[in-house]
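Engineer: Using the sequences plus the hints, can you model the full thing?
If you read the sequences in order, they're chains A and B.
Numbering of the first sequence is given in this note's numbering, commencing with residue 200 and proceeding in unit increments.
Numbering of the second sequence is given in this note's numbering, commencing with residue 200 and proceeding in unit increments.
Treat the hints as calculated values from the structure; they're not laboratory data.
No distinction is drawn between identical chains; accordingly, a pair holds when it is met within one copy or between any pair of copies.
With a straight-line Cα cutoff of 25 Å, these simulated SDA-like cross-link-like pairs (lysine to any residue) come out:
{"hint": "1", "residue 1": "410", "residue 2": "263"}
{"hint": "2", "residue 1": "410", "residue 2": "264"}
{"hint": "3", "residue 1": "410", "residue 2": "233"}
{"hint": "4", "residue 1": "410", "residue 2": "299"}
{"hint": "5", "residue 1": "410", "residue 2": "232"}
{"hint": "6", "residue 1": "410", "residue 2": "265"}
Number of protein chains: 2
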Amino acid sequence: MEAKSHLDRQEIAALTAEAWSEQLATVEEAEARSMLAQVEPDRLAEVIRLLDAALAGRVVGLLQPERAAAVLSHLPDETAAAVLGHPAVERAAEVVQELDPDDAADIVAEMDAPQRDALLDASGDAGDVIEGLLDFPEDTAGGLMTPEVLAVRRQWTVGEAIDAIRRRAEELEQIYYTYVVDSDDVLIGVVTMRDLILAPPMVLIDDVTRKEVVSVFVDTDQESVAEVISRLNLLAVPVVDHKGRLVGIVTVDDVIDVIHAEASEDIQRLVGAGADERTDSPFSYALRMRLPWLLVNLATAFAAASVVGLFQSTIAKLTLLAVYMPIVSGQGGNTGAQTMAVVIRGLALGQVPVGQGRRVILRELGLGVVNGVAVGAVTAVIAQLASGRPGLGVVIGAAMVLNMAMACAFGALIPLGLRRAGLDPAQASSIFLTTVTDIVGFGAFLGLAAAALRMGWI
Amino acid sequence: MEAKSHLDRQEIAALTAEAWSEQLATVEEAEARSMLAQVEPDRLAEVIRLLDAALAGRVVGLLQPERAAAVLSHLPDETAAAVLGHPAVERAAEVVQELDPDDAADIVAEMDAPQRDALLDASGDAGDVIEGLLDFPEDTAGGLMTPEVLAVRRQWTVGEAIDAIRRRAEELEQIYYTYVVDSDDVLIGVVTMRDLILAPPMVLIDDVTRKEVVSVFVDTDQESVAEVISRLNLLAVPVVDHKGRLVGIVTVDDVIDVIHAEASEDIQRLVGAGADERTDSPFSYALRMRLPWLLVNLATAFAAASVVGLFQSTIAKLTLLAVYMPIVSGQGGNTGAQTMAVVIRGLALGQVPVGQGRRVILRELGLGVVNGVAVGAVTAVIAQLASGRPGLGVVIGAAMVLNMAMACAFGALIPLGLRRAGLDPAQASSIFLTTVTDIVGFGAFLGLAAAALRMGWI
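Structural biologist: Here it is, written out as structure tokens:
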């Protein structure tokens, strides 16, 4: 997503929201309708997010049910639920009937029970379908799927199957895969629209069925569903219960958000926050995820501090060392974090084949040395000018080159080692890295300084 | 993606690769073929990545061209190119003819020019199509698209369109959208398979065409293409040249990798590495991306160090302060990084609507206080026991609560502020955060310690 164009859209949405807040209160209904008719549903959704719920409800109430449904499907579920609570229940039910049942279920799941029950009652058959979906946890195949799936029998002809698709095309979320079931509704294969179009109408479905169909269980977690769809390049995957019976279908657009969320988890794992933590997760959950890693880190911080402890007498001779000490360790931490981010992402995107780890470590070691020389030289000159002690400049420069080289090597080694050990390469990696950069940074700087002081060079 | 099941697959692939390296050299061709026939293409690809290129080439040469193409489409482009260089050129050409042209173009782009030319020459018409695609940069719509797209005219009937699809179904990558063009090949609309199936065969295409078709230009960058497909829940998007003429199509499976790569960029931006940097990017590119931020960070590190400089006389009185100082600043940095990771990802996933920033900052401030009290108490007890100075425990505990609270508040404030300013919330955020946690950490700890020393409490 281009950050800049995204912001431009947000700015446009903000200006529109401001204008509407004034105008919609005063203009006549017909005029309001014609204003709204000119805006695409995804743009409308961006504006509606910024309106207060009552006004947003009014806007959605003014739209045709089909357009209102398209707008709601672009909103976060909680927002859509709040908005849908405002129009009269009959009006809201018309919108619900136009939504895909899986989207509708996610939205009404955010309403309180009496409001939800009233709305589903008013929504007729669609309400019953949605009610059935509410039993599945939101983060499973059952929670993602739509139950509106066309199943045909193997003894049907291709012509009969096409007729069945034609009759139900309006309500089906996708018509590209048609699933084949036996007399117990057990999934036995799939026919694609391409197969149907290519085959003469009198051929039996059995003769064009692909038997090696991939399916997921209703309770398969959403990450695995997304992984199957993206690895096998599918447009949809059928969902079966534990008796193998076809109960629904998950389409690729349902898992794009899951792929987005999954792909960006490493940034949180890296620093020891929960992979699934959100800005609106319960406070206690956030605490439970984060505190243990902070305590692990505390232990490693004491280990690093004990290195400083070894050099107390050196610091007593020259307290200026305490001033420069954090610069050396901090720059190691920063350059190592850059390496680690690139390597962790590289592993996640499959850029580092097994056996290529050594090459990556050497490359990063090289980057660490070059960056270390550049940053160390600048620091050495500043330290020397500021302190008037040439020896101090040399010591700090040398310590930085050493620490930054180690930082980059370990920034690559830690995630690669975690992967080789069968662990998650990102999990709290930054904590291990900081331990290395603190210990090496403090040790190298203070050790060199102690030696230089003994020699009388500083 | 489940890390664990992924690793299991990798382990299986590694074992298989080992076994094959021995067996395939000795068994007869027929036996080798039947061994390979039992393995699914995506599994085969995982094994082939681990074989040396010559053996991998032999394996691919043994497969039927259609299966070989399926295997290659699961490999990274460079690997696929190396593998395809091994069989005889006529054999390789058969495989190329089975590949989707967009995938084939990505693969042959990795070969050296003489090898590529020989292979494309041997591939007949398919070779010409692929050659045309090589003109487009890989990271644009032109580089992602396949040129094999079916266009129909508005004056055709639905029946004629279906016949045309049937004739070309084998070679078309998707048949769900059929595009409508005028006599100059300019894109004017789209008909879905659903529209075609529902309409009587004698109806004119013009009557079922959707005119509000969304398209991208050949030179639109791949991030924007992915964004359009994912925002509008499309299965494919048509690609037009700057005269509006239909030249190809990008399907959703082509952009899933782009979505993956895009969604995980923030981890690199956060630490000031280039968003697009890979583990195999040129050394000079990595250096150019990373060094400037390290130098920015150096300036902020000197600012933090100057805070320590203010307290040199305090440190001279009690050098133990230099030992505990990095623990206070470091724990602030860690807890702040946790906050920052959750907030940056929350912004990227749209979890933080405009106007909700204050709520997020307060929540994080609360987390910082609670984590600070927990971690600060543990540290205070250890510091007191280790140093025998109760006052030092109190000072360090108090400084940690303060610093960790500030760290979390700023961990939220910095990315939210960057977003509000229209900047990228992730760009080098961690550098600004470290500045805050170092300055507050050193200042609070050494300031409190100086006061306590004056009072005789330590």
